[in-house]
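A.B. asks: Use the sequences and the hints to build the structure in full.
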Amino acid sequence: MAGLPGLALRFAVVGGGGALVNSAALFALYHWAGLPLLVASGIAVELAVVNNFLLNDRWTFGLPTPSARRFVKFNISVLGGLAVNVVLVWSLVRAGMHLLLANCLGISAAFVVNFAASTGWVWGRRSR
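Counting from 1, position 11 in the sequence shown corresponds to residue 11 in the numbering used here; the numbering is continuous, with no gaps.
There could be a bad hint or two in this list.
What follows is a set of in silico ranges between Cβ atoms, one per label pair, in the way DEER data are often shown [stated by the list, open to error]:
1. 37 with 125: 39 to 47 Å
2. 41 with 80: 18 to 26 Å
3. 96 with 69: 42 to 50 Å
For the record, the hints were derived by calculation from the structure and aren't laboratory data.
In this text, a Cβ means the ideal position worked out from N, Cα and C, and glycines have one as well.
C.D. replies: Structure, rendered in structure tokens:
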């Protein structure tokens with residue numbers, strides 16, 4: 001699985017796993033631990049980010065040791081993807097598009113932004 005398509009597939013698989021980590025953590029923190037929803041959601045998101053960073057670092061990009069610098073850069077890039085997703089969904093729904101279709105387009109756009117930032121900045125040649 002060499003090249004950009006292989007990287008994109010691995011990155012997508014890791015992202016799907018991160019969605020599962022986020023959902024499980026959110027459920028456990030909110031329903032079982034009794035944390036307020038905003039707190040539980042924030043912790044769940046960061047747990048998914050940590051999961052995704054570690055798996056991408058090792059499996060997607062094949063590096064033997066994680067670095068704090070790449071972790072900070074990955075967190076920043078995820079915030080960029082989140083911003084793209086939220087703005088796009090909001091704009092498309094305001095323009096009359098169905099919410100779920102807008103959300104799919106927002107997720108797709110965020111994936112492109114996150115993958116581009118990850119390959120070019122977080123795990124780019126100078127970051128290794």
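A.B. asks: Any hints this thing doesn't respect? Which numbers, in order?
C.D. replies: none
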